[in-house]
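Novice: Please work from the sequences and hints to get the whole structure.
Residue numbers (the UniProt record's numbering), protein chains in the order written: chain L, 1 to 112; chain R, 1 to 882.
Some hints could be false.
Derived, one-sided and incomplete: chain L residues facing chain R with beta-carbon distance under 7 Å [what the hints assert, rightly or not]:
#	residue
1	G26
2	T37
3	V41
4	I43
5	S44
6	A48
7	H51
8	E54
9	R70
10	G71
11	R73
12	R76
FYI, nobody ran anything at the bench for these hints, they're computed from the structure. Glycine included, C-beta positions come from ideal geometry on N, C-alpha and C.
So the chains spell out like this:
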Amino acid sequence: MKRSYLGEFEEIVLLTVAVLGSGAYGVAITDELEQQTGRSVSISAVHAALHRLEEKGMLSSRMGDATAERGGRRKRLFTVTVLGSRALHDIRAVREQLWNSILPNTLPAISI
Amino acid sequence: MNLMPQPPRPTPPLLAERLLAWCCAPELLEEVQGDLHERFHRRLALFGERSARRQYVWEVLGFITKPFAIKRRSAQQDIDTLPSPILVHPAMIRNYVKIAWRNIAHNKTFSAINILGLALGMACSLLILLWIQDELSVDSYHANGPQLYHVMQRQSYDGKVETGRFTPGVLPDELKKQFPEIVHAAGYTGWDARMTFAVGDKINKESGHWAGADWFKMFSIPLLAGTPATALSTPNSLAISRKVAEFYFGEPTSALGKSIRIDNKTDYQVTAVFENLPANSSDTYDFLLNWQDCITRNPWMKEWGNNGPHTRIQVRPDANVAALNAKLKPFLRKYNKEMGRSFDAELFLHALPDAYLYSNFKNGQQDGGRIEYVRLFGIVAAFLLLIACINFMNLATARSVKRAREVGVRKVVGAMRSLLVGQFIGEALLLTSLALLIGLGFIYLILPSFNSLTGKHISLQITDVRFWLMLGGITVVTGLLAGSYPALFLSSLNPVRVLKGALKFGSGARLFRQGLVVFQFVLSTLLIIGTIVVYRQVNFIQTKNLGYDRENLLYVPVEGDLATQSAYKTFRDELLRLPGIASVSSIQEAPHNIGSSTGGVNWPGKDPNVLIEFTQTSVGYDVARTMQLKISGRDFSPAFSTDTTNYLINQTAARRIGYKDPVGQPLTMWGRPGKIIGVIEDFHFQSLHTPIAPLIFRLSTEPSSQNFMIRTQSGQTQQALASIERVWKQMNPKFPFAYRFADEEYTNLYKSETVVGSLANYFAFLAIFISCLGLFGLAAFTAEQRTKEIGVRKVLGATVTNIITLLSADFLKLVLIAILIASPLAWYAMNRWMQNFEYKIGVEWWVFAAAGILAVVIALLTISFQSIRAALMNPVKSLRSE
Chain L
1 MKRSYLGEFE EIVLLTVAVL GSGAYGVAIT DELEQQTGRS VSISAVHAAL
51 HRLEEKGMLS SRMGDATAER GGRRKRLFTV TVLGSRALHD IRAVREQLWN
101 SILPNTLPAI SI
Chain R
1 MNLMPQPPRP TPPLLAERLL AWCCAPELLE EVQGDLHERF HRRLALFGER
51 SARRQYVWEV LGFITKPFAI KRRSAQQDID TLPSPILVHP AMIRNYVKIA
101 WRNIAHNKTF SAINILGLAL GMACSLLILL WIQDELSVDS YHANGPQLYH
151 VMQRQSYDGK VETGRFTPGV LPDELKKQFP EIVHAAGYTG WDARMTFAVG
201 DKINKESGHW AGADWFKMFS IPLLAGTPAT ALSTPNSLAI SRKVAEFYFG
251 EPTSALGKSI RIDNKTDYQV TAVFENLPAN SSDTYDFLLN WQDCITRNPW
301 MKEWGNNGPH TRIQVRPDAN VAALNAKLKP FLRKYNKEMG RSFDAELFLH
351 ALPDAYLYSN FKNGQQDGGR IEYVRLFGIV AAFLLLIACI NFMNLATARS
401 VKRAREVGVR KVVGAMRSLL VGQFIGEALL LTSLALLIGL GFIYLILPSF
451 NSLTGKHISL QITDVRFWLM LGGITVVTGL LAGSYPALFL SSLNPVRVLK
501 GALKFGSGAR LFRQGLVVFQ FVLSTLLIIG TIVVYRQVNF IQTKNLGYDR
551 ENLLYVPVEG DLATQSAYKT FRDELLRLPG IASVSSIQEA PHNIGSSTGG
601 VNWPGKDPNV LIEFTQTSVG YDVARTMQLK ISGRDFSPAF STDTTNYLIN
651 QTAARRIGYK DPVGQPLTMW GRPGKIIGVI EDFHFQSLHT PIAPLIFRLS
701 TEPSSQNFMI RTQSGQTQQA LASIERVWKQ MNPKFPFAYR FADEEYTNLY
751 KSETVVGSLA NYFAFLAIFI SCLGLFGLAA FTAEQRTKEI GVRKVLGATV
801 TNIITLLSAD FLKLVLIAIL IASPLAWYAM NRWMQNFEYK IGVEWWVFAA
851 AGILAVVIAL LTISFQSIRA ALMNPVKSLR SE
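Specialist: Written out as C-alpha cells, the structure reads:
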C-alpha cells in the first residue's frame, strides 16, 4: 500500500492529538507539545500542520464549545481518523522492526 | 455609595485583530482567533499586558505569513465578479503593466529608439503648439475684442487695387458723428515716432504714436494712473507706459501731472500711465500723444484726399456689421473730390482680433498673412509626430513575432480581442507618457533659444489648465496613433497557428510597413527640399544687389538744433571734413522702405484718364552718390539753385512717363513745374515681395523731415562713428546720437523669412533624424531576423560586400520611391511659397537631386551600421545554434 508521507512535525502533532483524546484543539496541542518535547512551538505552525493533516485525511475535526476567554469563539476539536491511526501504526512498526534488527552493542553507548 | 469604575479589561491590539480578520481565510478565522485570544488571556495573567500584546502581534504575523491561512479567491469567484470585458480586473492590469515593463526593459535598443523618437516628435509638436497658441493669442486680450474693427481702404487706380489701413486723418471723428452704430473711434498713426524725452537731466529716445481720445475706452490696457476719459483729451496730454514712467519718475503713480519736454520743443503733461503692453500685443508703443496734436503737426491730415493714419472703431454690441460695411463702402466718395474717372476708394471693416493673422490683401481681397505660417507649422508639427508614431508602429509590428506567442497564450486562456487591443494601446500610452516626460525635459532646455529665435515670450504654463489639456491631448493622440495599428494587428493573430510555431506574416503586413517607411521619407525629403529652397531664398534676399550699396551706410534723424537750414548745412560740411566719411546726404524715409506715394504728377502728353501712383520722397544733395546709385544725368547739387523744383526719377518712372530721353524734360509734381535732371537705375526701395514702382526724388526744403544719410569709407566705420558723435554732441547736445545701419535695418525687414528659414532647418534635421532612428531599428531587426540566412550565404562564399548590398538594397529602394513621390509635391509647395516674392530665386532641379542624395546618404549610413555588423558576423556563431 502506498502511504502518504508524514513529516516529523506532522507525526508528533498527530501523536499529540491522540494523547489529548477528546480535548485536542490548537492551544491544548501546542501546550502539550511544548511540555512533552521541551521545544518552543508556534501556534501558527501547529495550525498549519493540523490543516495539512486534515487535508491528508489523517485527522477529522468538529467545532466544540465556546468559552469566555476565547471571546465566545468555538474550538475546533480534532480526532485521529482510521487512516491517521494506520499511518502512526505503520511508522511505529517500521521503527520497531528497525530497532529489532540492530545487533547489540552496535550503537555507541550513551550515558544517561 | 461610591462605585469604583472598573478598569477596562485589556484586549489584544486592535490593529493586529483587524489585520488578521482581513487576511485570514474566513473558514479558519473563528478557531484561529479563539486560540489566539485564549493564549493572550493566559499570557496576560502570567506575564502582563505588554508581553501578551507583543506575543499576540507576533502570532498574528505568524498566521498571515502562512499560505494555508490566507484568504484567497477561488477561480469561480473571479469569474462571478468580473464586471465586463472593458472594466478589466486589477490583477490583469497589474499583469499588463508588468509585461509592458518587461518588454521595455528587455529590448533596450528598441525601447530607446521608440522613446527617443516619440520624445523628440512630441517635444517639437508641443513647442510648435505653444507657438501657435501664442500667435493665436495676439491681440486677443481686449475685452471689447468682438466689437473692434480696423477701417480699411481699398483703392483702385491704374488697373491695380491696393488695400491698406491708411485712411484720412479726419475720418475717425466724422465716422463717429455719422454712424450711431459706432460707439468709439480713434485714429492711430501707423508709423513709429521716435522722439526725445527730457525730464531734468534724463534724456532718452522713446517710441510711440498719436492716438484718438477714445483709445483707452476701446482697448483693454490697464491704467495705473489717470482715467480713460481724460488720458488723451487735450492737445498737450501724454500717456506713458509704466516703463517710461519708472525711468523718468521712479514710480508710475508719481508721474501723473508731471511735464515732459519732447524733442526739446514742446512740454506735455502726463495725463495717464498705462501698464506695459503685453508681449502678445501687435501694437507696440511706450507713449501715446493726443490726436489734435497730430493734426496740428501734420496739416495735410485735414485733407480728405490724403491718406496715412489708421482708423479703428468700436461698434455697438448689437450693431449689424454687414449693414455698416455696406454703408461705409461709398462713404469716401462724398468727401474726396479727386474720386471718379480712374480712381476709386472704398472703406470696409476688418475685425481687429483677426487682423494680426490675416493681414495680407491681394487685389482687394483678404489673402492669408501670418496664418499661413501658423498653418504651415501646424502641418510640420503633425508631420513630426506622425514620423515618430510610424517608427513605433513599424518596430512594434516588425517585432510582433516575439509577442505573437504571448498573444496566442492570452487568447487560449480566454482573452477577448478587445482586451488585447486595450493591452497594446495601453502599452503604447505608457511608452508615450514616458516619452512625454523626456520631451518636456527637451522643451525646458530649448525654450530659451526658441524664444530668442522667434522673438516670443513663451513659457511652460504649469498653472494653466489648457497646458495640461494640451499635454494630455498630445499623449492620448500619439498613443492612439502609434498603438492602434500594432494593437489591431497583434490582436488579430490566430492562436492555433501562432502556438504551432507556423507564424508566417502575409505580404500585406510587410507592404504596409514598407509603405510607412516610404511615407516617412516622403515627409523628410519634403522638409529637406523646403529647407534648401527657403534657405536659398533668404540668402538671395540678403545678398541681392539692391541697386544701392547698403554696406557702410548709416542714417540718423535730423532733429533738435540741427533742424534748421543753416545748422543742417554746417553739420553736413563738418562731417564732410572728417576723415573716413565718403559722402553725406539726407532722405525722408529709410532707403529700404520708401512708402509714401502720390498721384499728383503731371507732364505734357499725359492721358488725363489714367492715374499713375508715383512713390515719392524728399532727399538732400548728393543722394545718388551717397546711396551709390547708377545715374544718367546728374545728382542734386548745391551748385544749382533751381534744383528745388527739379526731379530725379527711376527707370520705371521714365518708362511710365514715356519720354524717349527724359533728362531735361519737364515734370510737374503737386503743381510745381520743374525738370527731370537725372534718371537713376532701378533699385529696390521696398521689400522684395513687391515689384519696383515708379519713383520720384524731390529736393527737400524742410530739414526736420529728413534723416542724414552718411556713407563711411569701408573699414573706417568705427572711427567715423566716434567723430560724428563728437560733432553731434557739440551741435546738438539735447538729443542722443541715435544712428541706424542700413544693412541691419534691411535684414530686419525679412525677419519672419529668416526665422522661418532657421526653424525649417531645425525641423528638417529632426524629421530626418527621427526617420533614421526608425530605419536604424528596422535594419537592426531585419539583420537579426536574417542572421541564419547571412550565415548560410557566407558559408557558401558570399563576400561582405554582397551581404551589405543585399541588406541595404531593400531599404534604399524604399527611400528612392520616397524621393520620387516627394519631389513633385515639394516642387508644387515651394512654387506656391515663392509666389509671395516678386523677386525670387528659381526652384532648380539640382535642389531635388541634392535633397535626394542627402536622404539616400543619410539612410545608407544608418543602415550600413547594422548591415556591416551583420555581414562581419562569424557564420559559425550564427549557425551553431541549430
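Novice: Next, verify each hint and record whether it holds.
Specialist: Tested hints:
1. A cut of 7 Å between beta carbons decides the hint on G26 (chain L): the least distance to chain R is about 4 Å, and the hint holds.
2. The beta carbon of T37 (chain L) is not positioned within 7 Å of any beta carbon in chain R (closest approach about 18 Å), and the interface hint is therefore violated.
3. A least Cβ separation of about 11 Å between V41 (chain L) and chain R goes past the 7 Å threshold, and the interface hint is therefore violated.
4. For I43 (chain L), the interface hint holds, the least distance from its beta-carbon to any beta-carbon of chain R being 6 Å, beneath 7 Å.
5. For the restraint placing S44 (chain L) at the interface with chain R, the shortest Cβ-Cβ distance is roughly 3 Å, inside the 7 Å limit, so the hint holds.
6. The beta carbon of A48 (chain L) is positioned within 7 Å of a beta carbon in chain R (closest approach about 5 Å), and the interface hint is therefore held.
7. For H51 (chain L), the interface hint holds, since its Cβ comes within 7 Å of a Cβ in chain R; the closest pair sits about 5 Å apart.
8. The restraint placing E54 (chain L) at the interface with chain R is violated, with a minimum CB-CB distance near 10 Å, outside the 7 Å limit.
9. The restraint placing R70 (chain L) at the interface with chain R holds, with a minimum CB-CB distance near 4 Å, inside the 7 Å limit.
10. With a cut of 7 Å, the hint placing G71 (chain L) at the interface with chain R holds, because the nearest CB-to-CB distance is about 5 Å.
11. For R73 (chain L), the shortest C-beta to C-beta distance to chain R is roughly 3 Å, which falls under 7 Å, so the interface hint holds.
12. The criterion of a C-beta within 7 Å of any C-beta in chain R is met by R76 (chain L), whose closest approach is roughly 4 Å, and the hint holds.
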